[in-house]
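Here's the letter readout for the chains.
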Amino acid sequence: MASDKIVTLTDGNFDSDVISNAQPVLVDFWAEWCGPCRALAPAIDAMATDYAGKVSVGKLNVDENPEITMRYMVRGIPTVMLFKGGKVVDQMVGLVDKGSLKQMVDRHM
Amino acid sequence: MADAIRSVTIVGSGPAGLTAALYTARANLKPLLFEGLEAGGQLMLTTAVDNFPGFQDGIMGPDLMAAMRAQAERFGAEFRGGNVTGITLGDRPFRVATGDGDVETRALIIATGASARLLGLPSERTLLGHGVSTCATCDGFFFRGKPIAVVGGGDSAIEEATFLTRFASHVTIIHRRDSLRASKIMQDKARANHKISFEWNAEVTDILGAGGVEAVRVRHVDTGMEKTIPVEGVFVAIGHTPNTDLFKGQLDMDAAGYLVTHAGTRTSVAGVFACGDVQDHIYRQAITAAGSGCMAAMDAERYLEESGI
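In order, the protein sequence lines correspond to chains A and B.
All letters in the first sequence, in the order written, are residues 192 to 300 by the numbering used here.
All letters in the second sequence, in the order written, are residues 54 to 362 by the numbering used here.
Hints are not guaranteed to be accurate.
As the list claims (entries may be wrong) - Over the 10 Å line for every Cβ pair with chain A, so calculated as not near, a few chain B residues:
#, residue
1, K83
2, D144
3, H223
4, T258
Stated by the list, open to error - Covered stretches of chain A (chain B as the covering partner; in silico rule of three or more C-beta atoms under 8 Å from a C-beta of chain B):
#, stretch
5, 216-227
6, 262-270
7, 277-286
To be verified - Only part of the chain B face toward chain A is listed, based on derived beta-carbon distances under 7 Å:
#, residue
8, L90
9, M97
10, L181
11, G182
12, H183
13, G184
14, C191
15, D192
16, F195
17, G264
18, G265
Because the hints were derived from the structure by calculation, they are not lab data.
Positions of the beta carbon are idealized from the N, C-alpha and C atoms, including for glycine.
Produce the complete structure using the sequences and hints provided.
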């Protein structure tokens, strides 16, 4: 069950919701058919709750949004990227736990 | 700390761990199983499994694991998600540390399995997720119409290469020997596939590309000749490393880090049993893992009886 704090990102809203966002944004690149992405989902939900008001959390479906997927050369999922000031400042590839996501975000706060 | 001391705790949720859970649950030992981050184990990353007896038309790996889990649950096995963070075997009962609190247990069954090994090149780390992958079923989709390479010569390498021909324009299998370790049936399938070619006696020395993979650099071990193969993806399938970091200095391991067992599934500490890929670098099959999970459960049951618990 996705948290209502999570923004659904698309090719259409990525620039306004991520690139122009004053807050840091954690972006989860995922797809329906990806088992590890499903396993990562609860950790992403928890991040949205824990960092509410400080970090925006969004999910981008790579099947439906090829333009952004290409722009960031994402060729493996799950990939989680942290954007700050419109730029990628950090990323993690593959299934990770919430603790590792927190560490990555806290490094850039 | 509200938990009473458990009789049996199982770490790992692949075929070995789930079979151990099924047998210990049926023996009324009320097992607690820690599923780990990669719940379901390596089979969760496979597609059709055609060599698990009883499924004459094959079964999807994730479906097989869901069925095994449900079967253990039916007899009362208890499951917890997430990774175990520490295990102490010096005192009894044994202590299993998790993100939220410790669990004490009289017998421990280790079924933590093995994880895909990487080549160890610096470029591989930076390009992971940008063309370098260890999971064909996860990432094959991104290489539609593109040339890719698979590194390795075992069953999983050949299976991945064959699977990837669904997407890729061409698959080059790079193997450091002149023959494959993969089973005959898989070799025949790969050799008959016109999208697959082989680069024999070749070692990957570098993966090239900025932002995404552009080519792979190989050196032929027999001639010393180097060459660059243009590819947009590199799938690494060169074997596995056992997940035994938690047990370093506590249990006997071989040089490669696999747990050493004797007299069935017994480890070097009485009351601690190991099953599945964490103690097996030879067979590594779902059916052998399940079989050893059954053995570990029976060994644990006998141990608890004999210690009068």
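Status of the hints after comparison with the structure:
1. K83: Per Cβ check, B/K83 is outside 10 Å of chain A; nearest 26 Å; holds.
2. D144: holds (26 Å)
3. H223: Fine: 17 Å to the nearest Cβ keeps B/H223 off the interface.
4. T258: Given that every Cβ of chain A is farther than 10 Å from that of B/T258, nearest at about 22 Å, it holds.
5. 216-227: holds (count 5)
6. 262-270: holds (count 6)
7. 277-286: With 4 residues in contact (Cβ-Cβ under 8 Å with chain B), the coverage given for the stretch 277-286 of chain A holds.
8. L90: Nearest chain A Cβ about 6 Å off; hint holds.
9. M97: OK, holds: B/M97 within 7 Å of chain A, min 5 Å.
10. L181: holds (5 Å)
11. G182: holds (3 Å)
12. H183: Constraint on B/H183 satisfied, holds at 5 Å.
13. G184: holds (5 Å)
14. C191: Holds, about 5 Å.
15. D192: Hint on B/D192: holds, closest Cβ of chain A at ~5 Å, below 7 Å.
16. F195: holds (4 Å)
17. G264: With Cβ-Cβ at 5 Å, under 7 Å, it holds.
18. G265: The hint holds - B/G265 has a Cβ within 7 Å of chain A, the shortest such distance being about 4 Å.
Hint violations for this structure: none, all hints satisfied.
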